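A.B. asks: Going down the list, the protein sequences come from chains A and B. In the numbering used here, each residue carries its 1-based index in the first sequence increased by 437. In the numbering used here, each residue carries its 1-based index in the second sequence increased by 503.
Certain hints may be false.
Stated by the list, open to error - Incomplete in silico selection of chain B near chain A, CB under 7 Å:
hint, residue
1, Leu525
2, Gly535
3, Gly570
4, His572
5, Gly606
6, Leu620
7, Trp664
8, Leu674
9, Val676
Claimed, not checked - Calculated from the model, a selection of chain B residues having no Cβ within reach of chain A, i.e. all distances over 10 Å:
hint, residue
10, Val520
11, Trp530
12, Arg554
13, Met579
14, Lys595
15, Phe603
16, Leu611
17, Ala614
18, Glu640
19, Arg665
20, Gly673
21, Leu687
22, Met690
23, Trp699
24, Arg700
25, Gln701
Read the hints as simulated data drawn from the structure, not as lab findings. For clarity, every value in this text was computed on a predicted model and none was experimentally measured. Ideal Cβ placement from N, Cα and C applies to all residues, glycine included.
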Amino acid sequence: MAPVRLPRVGALLPLLRVWPWLLVLLALALVRLSKGALLTDAYGLLSRPFWPGPAQNEWIRSAQSIGDRARLEQLERENRRLRGLLDLPAPRGPRLQAAVISRESGGWWQQLVLGKGSLQGVGVGDAVVAPGGLIGLVASTTPSTGTVRLLTDPGSRVGVWVGRSRQQGLLSGIGTARPLLRFLEKDPDVRPGDVIFTSPASTLVPPNLPVGVIQRINADADPAPEALVQLSAPVDAVDWVQVLVP
Amino acid sequence: MALLSRQPWLVASALLVPLLTLASPGWLKLVGVPPAWSVIWLLPWALSEGRRAGAAAGLGLGLLLDGLHPGSASLMPGLVLLGWWWGRMGRKAPPIQRSFSLGLLALLGTALLNLSLILQWALLSWRGVVSLQGRVEELAGGAEALRQAGPQASLLALPLWRWEDLSLVGLQVLLAQTLLTALLAPMLCSLQLIFWRQVGAGWRGSSL
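Extracted from the complex, chain B is given alone in its bound form (with noise of 0.2 Å):
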């Protein structure tokens, strides 16, 4: 609480990544795929702030942006790492300011991102699957017809993503926003990175 009342930026501005992601232009996509604005947001500041601050920043970005969406699969995990990772980069290397650094951490960031919904996704299609096919095995009490014919045809309305689905537009949106966000982060991280270390050492300096 105390970091929040001497941070009123840090609300305000994590407030606004939410709000961007809803309000992407049309403009600002690639293949209909808007840029992280989480990573964007979450680079300089776990890079400035530490991996304490960092996970615990990403771990509530995470819970602002799944309220956003329906569905079990969650950008919680992914932000909380990539917080935790950027946060302890931040603190045991030199300094990261180049652009060039600051894109190729949010390329990393927003792959690794995508890559724990494809495998989160993965996990429940799997074990969707699974425990169906348990029920159907339930069901038809051995049965061999039921049981041959029950889980395929019950596997229709499973509401999950199939593996070929998933590989294929989870791929195309996995490059898509990884791009989109490696070019924008460059420039947005930097101005981020500057406002973080200056605001950061004010109150740091305040609070000694």
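Bound-form chain A, shown alone (with noise of 0.2 Å):
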């Protein structure tokens, strides 16, 4: 019995013998239709150790500080300008850094205590500021450390303004990690989130220091409408201050 050939597998014979240049056609395909998704994949992974690391990001950030800093300078000078056109007293003198080496943000006392005293320039009354506002005044003294009584203590009374409607009030300490904020008008044109500064009307500390955020607000309250602030400095994470020194 002559054997039986398969003239469609004869056929079929060049087809398998290039399928893997087919599957190679068929990934190439895939690769262009899902826009070239598996290509930067892989290089993502395969660039990843070579890939901008934190050095860099902290040049472009110290080239941002730079920039941020001569700006600064540049509305300072501006301000300063202005503020001599209006004839109004000039801001407060340097800007004094002090480590915190003892803090008490809870209990009774709302404190804190600076590694600088009356040697180093720090007096009673000078405002303290840290990345985000003001915290407290300078209660005391001593030759090496400086006691910095919080806006949240009981005994802490400063006078400050909302930025968008300039209503004056009084943030008063109360003993809670969010201050009270006491407007001196009836009806204050007030919501949550308008941000407060330090009132120019204020004697004890210099004008315009970034305080807080209105949180909640009581218009019902006796005798004046009052806010609870949420202020913009966290207290509790600062290991350093700044200390504006007359």
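From these two lone chains plus the hints, build me the complex, please.
C.D. replies: In structure tokens, the structure reads:
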């Protein structure tokens, strides 16, 4: 019996020889259709060790910081010039960097102890700021340390105003993390989210230092409307502060 | 002075209390409130040395700690009373040395110390409001409108606790500090009590 030939299989033989190339072609087509997804993912994976590291990020931040500082100095110069034109009192002098060596932000007394005192020029009543804004005033000094009464301390009273509506008020510490803002007017134009600054009318603190953000308002409070303020400076986290020396 | 010269440990350990108060680490605080280191130190000292030494130590410690804080409320009355009470207890009753008893005494002492502060602030606030109202009435000189408007506006700037804040924050501080101190006291006070009894026996014996 003669062997049976399969003419169809014979015709497919060239195709079977090139099937790896067909697979490659298919893969390339998939890459094309997926807009290069596999390719870029593979590139991303392989090039990961050479990605810009934190050092480069710091360079960018440093450059940004230098730019911000220059802009700030320019604004301060402009501010001084305008204040001179308006005969307003000159702003305070240099800022003294001081380390926080003791922190008591809960409990009966809410205070920080700084590693600089009267020998370094820190005086009672000096305003103390941290990244974010004002945190308190110097309550007492020793030759090498200064004690800062925080804005949250029940004995703290600072005159502030609302940046948007210019409504004046008195920021009073009540022993909790959020001090209480008591407005001087019966019907203040304020709403949650308004940023408050130190008041230009205050003789205790330099004007227009950022203080915090209004969180909740009690319009029915007696004798004046009240608002709870979230301080913008993280008192529990700061390790270095600046003392505004007059 | 004789006691001080014979007891250098008294001065050294008492000075640790304000230092620990200043350096209380964050992990040893409950809702931001540190333990009452003064109570942890005073309890074994007073139990070991008697009421007069306890009250004197309370007075000295109160002076030291009051120097660290601004404001008019003082820890002294509470600490003097606690020193006297614990000293009396140490001499009149059988010696207290069980950890549970020490923890309980520390708990009561911390609660009393905090209550003494709450009481002082409540009194100071009340006196402040009364004196302010008196001054405003004097200034108003019989003018009804001024008399009614004055005190309320002036109350805004009164640098003291309001009663509702005092009761809210005071209760939180009292509970947190009481719990933390009562947890630490059994271990720390037991060790100190053993130490003071050994040292005390030594110097009392040598003075005879």
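A.B. asks: Work down the list of hints and note, for each, if the structure agrees.
C.D. replies: Verification of the hints:
1. Hint on Leu525(B) holds. Least Cβ distance to chain A is approximately 4 Å, under the 7 Å limit.
2. Using the Cβ-Cβ criterion of 7 Å, the hint placing Gly535(B) at the interface with chain A is satisfied: the shortest such distance is roughly 2 Å.
3. At about 9 Å, the closest approach between the beta carbon of Gly570(B) and any beta carbon in chain A exceeds 7 Å, and the interface hint on this residue is violated.
4. Taking 7 Å as the C-beta contact cut-off toward chain A, the hint placing His572(B) at the interface holds, the least distance being around 4 Å.
5. A cut of 7 Å between beta carbons decides the hint on Gly606(B): the least distance to chain A is about 21 Å, and the hint is violated.
6. With 7 Å as the threshold, the beta carbon of Leu620(B) comes within range of chain A, its nearest partner Cβ sitting at about 6 Å, so the hint holds.
7. Interface restraint check: Trp664(B) against chain A, minimum CB-CB distance 5 Å, threshold 7 Å, status holds.
8. Because the closest C-beta pair between Leu674(B) and chain A is about 11 Å apart, greater than 7 Å, the hint is violated.
9. At a threshold of 7 Å, the smallest CB-CB gap from Val676(B) to chain A is about 5 Å, leaving the interface hint in force.
10. Under the 10 Å C-beta cut-off, the non-interface status given to Val520(B) relative to chain A holds; the minimum distance is some 14 Å.
11. A cut-off of 10 Å between C-beta atoms confirms that Trp530(B) is not in contact with chain A; the least separation is 13 Å.
12. With a least CB separation of 27 Å from chain A, Arg554(B) remains clear of the 10 Å interface cut-off, as annotated.
13. Distance check on Met579(B): its Cβ is at least 14 Å (rounded) from any Cβ of chain A, clearing the 10 Å threshold; non-interface status holds.
14. Once the 10 Å rule is applied to beta carbons, Lys595(B) is consistent with being away from chain A; the minimum gap is 32 Å.
15. Consistency note on Phe603(B): stated as away from chain A, and its beta-carbon is indeed over 10 Å from all of that chain's, at 26 Å minimum.
16. With a minimum CB-CB distance of about 19 Å to chain A, Leu611(B) clears the 10 Å threshold, and the non-interface call stands.
17. Against chain A, the non-interface label of Ala614(B) holds: every CB pair exceeds 10 Å, the least being about 14 Å.
18. Here Glu640(B) stays apart from chain A, with its beta-carbon at least about 17 Å from theirs, past the 10 Å limit.
19. Separation of Arg665(B) from chain A is inadequate, the least Cβ-Cβ distance of about 7 Å not exceeding the 10 Å criterion.
20. Some Cβ of chain A comes within 10 Å of the Cβ of Gly673(B); the nearest lies about 8 Å off, and the non-interface call is violated.
21. Non-interface call for Leu687(B) relative to chain A: holds, since the shortest CB-CB distance, roughly 16 Å, exceeds 10 Å.
22. The Cβ of Met690(B) sits about 22 Å from the closest Cβ of chain A, beyond the 10 Å cut-off, so the non-interface label holds.
23. No beta-carbon of chain A is positioned within 10 Å of the beta-carbon of Trp699(B); the least distance is around 28 Å.
24. Interface exclusion of Arg700(B) from chain A stands, the closest Cβ pair being 32 Å apart, more than 10 Å.
25. At roughly 33 Å from the closest C-beta of chain A, the C-beta of Gln701(B) stays outside 10 Å, upholding its exclusion from the interface.
In this structure, the earlier hints numbered 3, 5, 8, 19, 20 are contradicted, and the remaining ones agree with it.
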